[in-house]
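Given these sequences and hints, build the entire structure.
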Amino acid sequence: MKRDLALLLGILLALLAALLLWALHATLALEPGPRLAELASARLEQTGVSNPVTAVLLNYRAYDTLLELAVLLAALLGIWSLGPAPAGYQRSGPALAALVDWIVPLAILAGGYMLWVGGHAPGGAFQAGALLGAAGVILRLSGEPSAGLPGEPAQRWLVVLGAGVFALVGGGLLASGFGFLTYPPGQAKWLILLIESAATVAIGVTLTAAYVGGRPGSGTAHNGTGQSRTVQR
Amino acid sequence: MPTLLLLFDLVLLATLIVLALAAVLSPEPRRAVMLFIAFGLWLALVWARLRAPDIALAEAAIGAGMGGALMLAAARRAAHRDEAAGRDGDKRA
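Heads up: the sequence lines are chains F and W, in that order. Residues in the first sequence are numbered consecutively from 1, following our numbering. Residues in the second sequence are numbered consecutively from 1, following our numbering.
Because the hints were derived from the structure by calculation, they are not lab data. Bear in mind the structure is a predicted one, so any value in this text is a computation, not a measurement. All residues carry an ideal CB built from backbone N, CA and C; glycine is no exception. Just to be clear, a hint being listed does not mean it is correct.
[To be verified] Cβ pair distances, simulated, as ranges: (1) W:T15 <-> F:V117: 26 to 34 Å; (2) W:L7 <-> F:L109: 32 to 40 Å; (3) F:L39 <-> W:L7: 33 to 41 Å; (4) F:L168 <-> W:A20: 38 to 46 Å; (5) F:L9 <-> W:P2: 39 to 47 Å; (6) F:W102 <-> W:P53: 23 to 31 Å; (7) W:A20 <-> F:L8: 20 to 28 Å.
[To be verified] Listed below are several chain F residues computed to face chain W (Cβ distance under 7 Å; list not exhaustive): (8) F126; (9) A130; (10) A134; (11) V137.
Below, the structure is given as structure tokens:
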């Protein structure tokens, strides 16, 4: 029975692979028609940023990015609904603690740089948020149970900050007659910077909280599944 | 020089596929996650070669880094759960 299922899955996957190869071949054989890239570069000056990737993510396709932030939020809500956070790792020794004292501020600083540089070079809110999240993961691994996160009420506000500010800016623009997330050219840069800053903090907190892996603030798990003891590595 | 680059790309691609297969076929979750992290970092190199530094950064930071950390934590918890279930089974037996 199990072997039949594996065979069926194998055949289906082979068919899918053949379909994908055919699609790739068909796409490569096509004439390169008019591309959106030229249109995007032509209007780049009006987007408020000079990095085309950021222009697509935060201006042309801002709606997609808003939904991505909502997906992250939903993922964290799912993790929180699974139960309280397990206890952290045991405290790190002095050598690792000294290293962590250096790495965490550097990661936060690099995150801030990544956020700012996203306007004109590769970078942006997700990369910056990932750096903040990495700082949180390092703190958690070095034995800080809260991973540097604030208490539960503040954490809730911070994780909705990204999608919240995004939606508020969009709604505000809609109310003042511009259309949802259609920035007026003069203010585009500052609105994008505002959204990206809020998104960076929210992504950093969300990723860290996801790594902590449970609802904050309600004490640690003592449910006998072995999660509550400190882990020797 | 172009032949050298082509050779580099071919090695890059071959290693990527081998890493992907090793990650998928590994029976042990912890090892699979480690291979997945290696795969993510390697994929970031491929994106950099395709001149897509934005995607390379995102893949290295989010795909390999954060995703890997989350999956390692999940694999550890799953192992604990199996261990606990195994102990219960022993008691019952």
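For the hint on F126 of chain F, just tell me whether its beta-carbon gets within less than 7 Å of chain W.
-> holds (6 Å)
When the nearest CB of chain W is found for V137 of chain F, is that gap smaller than 7 Å?
-> Hint holds; V137 of chain F Cβ to chain W Cβ min 5 Å, cut 7 Å.
Hint check: 7 Å Cβ-Cβ cutoff, A130 of chain F to chain W = Interface hint status for A130 of chain F: holds (4 Å vs cutoff 7 Å).
Is it true that L168 of chain F and A20 of chain W lie within 38 to 46 Å of each other by Cβ?
-> holds (41 Å)
Is the gap between the beta carbons of A20 of chain W and L8 of chain F within 20 to 28 Å?
-> The hinted range 20 to 28 Å holds for A20 of chain W and L8 of chain F, with Cβ atoms some 22 Å apart.
Indicate whether the distance between the beta carbons of T15 of chain W and V117 of chain F respects the range 26 to 34 Å.
-> holds (30 Å)
Regarding L39 of chain F and L7 of chain W, is the given constraint of 33 to 41 Å on their beta-carbon distance met?
-> For L7 of chain W against L39 of chain F, whose Cβ atoms are near 37 Å apart, the range 33 to 41 Å holds.
Pairwise beta carbon distance, W102 of chain F to P53 of chain W, judged against the given window 23 to 31 Å | holds (26 Å)
For the hint on A134 of chain F, does the least C-beta distance to chain W fall short of 7 Å?
-> holds (6 Å)
Distance restraint hint 32 to 40 Å, applied to the beta-carbon atoms of L7 of chain W and L109 of chain F | holds (39 Å)
Could you check the hint for me, namely that L9 of chain F and P2 of chain W are 39 to 47 Å apart, CB to CB?
-> This hint holds: roughly 41 Å between Cβ atoms.
Violated hints for the displayed structure: none, as all numbered hints are satisfied.
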